[in-house]
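J.: Chains as they are written, first to last, in my numbering: chain A, 1 to 578; chain B, 1 to 231.
Just so you know, the hints here were simulated from the structure itself, not pulled from any lab data. Glycine residues also receive a C-beta, built at the ideal position from the N, C-alpha and C atoms. Treat the hints with caution; some may be incorrect.
To be verified - Once the Cα atoms are required to be at most 25 Å apart in a straight line, the calculated SDA-like pairs of lysine to any residue come out as:
id : chain 1 : residue 1 : chain 2 : residue 2
1  : B       : Lys19     : B       : Ser110
2  : A       : Lys120    : A       : Met49
3  : A       : Lys120    : B       : Tyr203
4  : B       : Lys69     : A       : Asp255
5  : A       : Lys120    : B       : Pro28
6  : A       : Lys120    : B       : Val185
7  : A       : Lys120    : B       : Glu46
8  : A       : Lys120    : B       : His179
9  : A       : Lys120    : B       : Leu37
10 : B       : Lys146    : A       : Leu243
11 : B       : Lys69     : B       : Pro18
12 : B       : Lys134    : A       : Met239
13 : A       : Lys120    : B       : Ser200
14 : B       : Lys146    : B       : Val122
15 : B       : Lys105    : B       : Tyr213
16 : A       : Lys68     : A       : Asp469
17 : B       : Lys201    : B       : Val115
18 : B       : Lys19     : A       : Phe532
Stated by the list, open to error - Sample of chain A residues facing chain B (criterion: CB under 7 Å; computed from the structure):
id : residue
19 : Thr18
20 : Leu21
21 : Asp115
22 : Ile193
What follows is each chain in one-letter form.
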Amino acid sequence: MAAITTAPGTYDEVDPNTSYLENNKGLMGWLFTLDHKRIGVMYLISVLMAFALGGIFALLLRAELFTKGQTLIDAETYNRAFSLHGVVMIFLFLIPAIPAALGNIILPIQLGAKDVAFPKLNLLSLYIYVFGACFAVYSMIHGGVDTGWTFYTPYSSSDPAHGGVGTSSSVIPMTLSVLIMGFSSVLTGVNFIATIHKMRAPGLTWRRLSLFAWSLYATAIIQILATPVLAITFLLLTMERFLGLGIFDPRLGGDPVLYQHFFWFYSHPAVYIMIVPGMGIVSDLIATFSRREPFGYMAIAMSSIALALLGFLVWGHHLFVAGMSEYATMVFSALTFLVAIPSGVKVFNWIATLYKGSISLQSPMLWALSFIFLFTIGGLTGLFLGMLAVDVHLHDTYFVVAHFHYVMVGGTVMGFLGGLHYWWPKFTGKLYNESWAIAGWLFVFLGFNVTFLVQFVLGSRGMPRRSYDYLPQYEFLHQISTVGSWILGFGFLLLGAMFVRSLLNGRPAPRNPWGSAALEWMTPTPPPPYNFVSDPVITRGQYDYHLATDDELYEGFDDPLLSHKSRKGGVDEGKEDA
Amino acid sequence: MSTATATEHASGDGRARPKWLLHHFDTPAQQFGTARLGMWLFLAQEVLFFGALFVIYSVFRASYPEMFKAASQQLDKIMGTTNTVVLIFSSLTAALAVNAAQKGKRHATSLYLLVTIACACVFLAIKFFEYQHKFDAGLLPGPAFKPIDEHLVKGLDLKSNSGSFFALYFMMTGLHALHVVVGIVVFIWILIRNLRGNFSKEYFTAVDITALYWHFVDLVWIFLFPLFYLI
């Protein structure tokens, strides 16, 4: 290949004893790499920057709400801050965070593949994401948007510059940004399905696939089938604002509810783009830190697929009060309840896996357990909102805000952080300080609950979301929530410092620091450019602890970790010779 | 999970790796199958992309049936039909190009690719004249809709809200035309690679999947044509 992109060289040219970090050093070796691990790391850096930006907007919002009336910023700025918080967190962070960053790094290794199916498309998807993010930044420099992340028409599509009555904020660059990043998401989805179908190592049957891989497969289905609908919706919105097409603006003969249908046809499945890969990570974590095969492996795998498919049938529950046929609302409400089934299958299977497992409460496991706890709260409160009569009261209140933060932060972010802690030693080759990690987890977990638990109360008492000001009786609960956001922010700072310290002077990680039986821990740390020293042949499942040899689980095992109290009663104590 | 098993590398079965076999694949069959699967997945998202537009078309048609009927009379059926024939013919030549490539007939492949590209250009040229007429006649989307009587086809009364029809007409045929342009660019690239001798009986993946894409573009038009011009 004479192209500027750099593949690691042919298989025979690469020294399997160098890691992917040492191969093709230099900036160009990174910027034009075709190595999925490097692309994943670059994605990871990008999404973490987006997360920090979105977090700053969140802290600003909470600070403003600390007192009634104006505290810090004016109402106009507040509108822009909550819109940008939503746009950045959802489109720049949550959607690519797990599949494009962690999935890219880990999926091919879990499949025993040398790379993803289309390495050039993979690199292209990263650059499309960055290009899209540039549009978002451009929009923010020009004042951002004040429409909320949902861009509801006609407010978003009716430009006062062309005689409209909507917002004058910088909508077009922002919708184009989301449109462009959508392409990147589709490319990742295409790549992952093709990779899982075609790149599995000999012996890695579908029943031996990791649950993370299953969840990425389900996610990819949604990315491929839902994202194009958002693309066309935002293209129409952009053209409507630009030319006055008359598709969504009632003044021009359009239908604003049609916009909401199209928007949620993507954005509800998008919730599953965010949460399903998190569930996959949690399934892997629970297996590793319980030292046993997941209970109901196939049920967990299929529930991911079921969530992906059911996710397409429930968008109408966002429109219960928007003016939809009441028969349609009944159907959507009933279908919404169905989502609880695969979600429940997962939660019960995880708990059954923990039961009589040999649990070690190391930092990744803490995130996984938090996921189960918080996601269950988020999921169950979702059922309140799926009920027609209750939704009329709770719609557009803080109850909704609390609900989806329990799913998105309590679910996706916990899963993301769990995966980051779990695989960090594998792809950086460095260990991190476990005490700092636990302290960071404690602050995040407490801070999160303090911030959002009170918002359920606020919402059920009628506090409307996206409001700049509020009645005096809400002030105390808002203050609790804001203090919670500070604890949460501090927790994230602590975790950031911990990871930076690990990069700077962390101890080298052993091959398999957690004693996992999964395939990605069978290869050197950090992995060689082609992931394995030689082509792997798979002779057992990812979770077959009863078939894994002691060498596979404990070779090069780090002494301090081995003496960790929770490991007592593990798989095979006779092996310990420390 | 015997990573320690010293399995041979892909090239270890005694045969040299062909130059076109990418670094991360083991066998040509794996590479070909992966590329085809990737294109089918991409086409799946294309179906949803255009599918959303077809849904919007249905909603508007159901709401304003008379307006749609009258506005569609303003489209040129002869040009539309010609374009349909041209595009279906180009799909045939694209399929013949794949067939020729599979048999290793380089010159025939080039010829069929050229005809395909030419047909695509003819399609765009006809589309250009159609658009030009719509612009002259003031048949434009939304508020720009200001019909000029002398350019109109007589017959049914054009409703004042026909801007929505032309909004959909321009969005749907425009996005389709954009796909045709992309097809032309990719076919030119394939043609150059074919002239360079990159393809053979063993390796014709790019020709194959580009033709697959082209058939999809053709298929979209086969839906657009009756919806806008005929019914």
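J.: With reference to the structure, classify each hint as holding or not holding.
T.: Quick rundown of the hints versus the structure:
no. : hint                : verdict
1   : B:Lys19 / B:Ser110  : holds, 22 Å
2   : A:Lys120 / A:Met49  : holds, 24 Å
3   : A:Lys120 / B:Tyr203 : holds, 19 Å
4   : B:Lys69 / A:Asp255  : holds, 20 Å
5   : A:Lys120 / B:Pro28  : holds, 18 Å
6   : A:Lys120 / B:Val185 : holds, 19 Å
7   : A:Lys120 / B:Glu46  : holds, 20 Å
8   : A:Lys120 / B:His179 : holds, 21 Å
9   : A:Lys120 / B:Leu37  : holds, 16 Å
10  : B:Lys146 / A:Leu243 : holds, 14 Å
11  : B:Lys69 / B:Pro18   : violated, 58 Å
12  : B:Lys134 / A:Met239 : holds, 18 Å
13  : A:Lys120 / B:Ser200 : holds, 23 Å
14  : B:Lys146 / B:Val122 : violated, 29 Å
15  : B:Lys105 / B:Tyr213 : holds, 22 Å
16  : A:Lys68 / A:Asp469  : holds, 6 Å
17  : B:Lys201 / B:Val115 : holds, 21 Å
18  : B:Lys19 / A:Phe532  : holds, 23 Å
19  : Thr18               : violated, 16 Å
20  : Leu21               : violated, 18 Å
21  : Asp115              : holds, 4 Å
22  : Ile193              : holds, 6 Å
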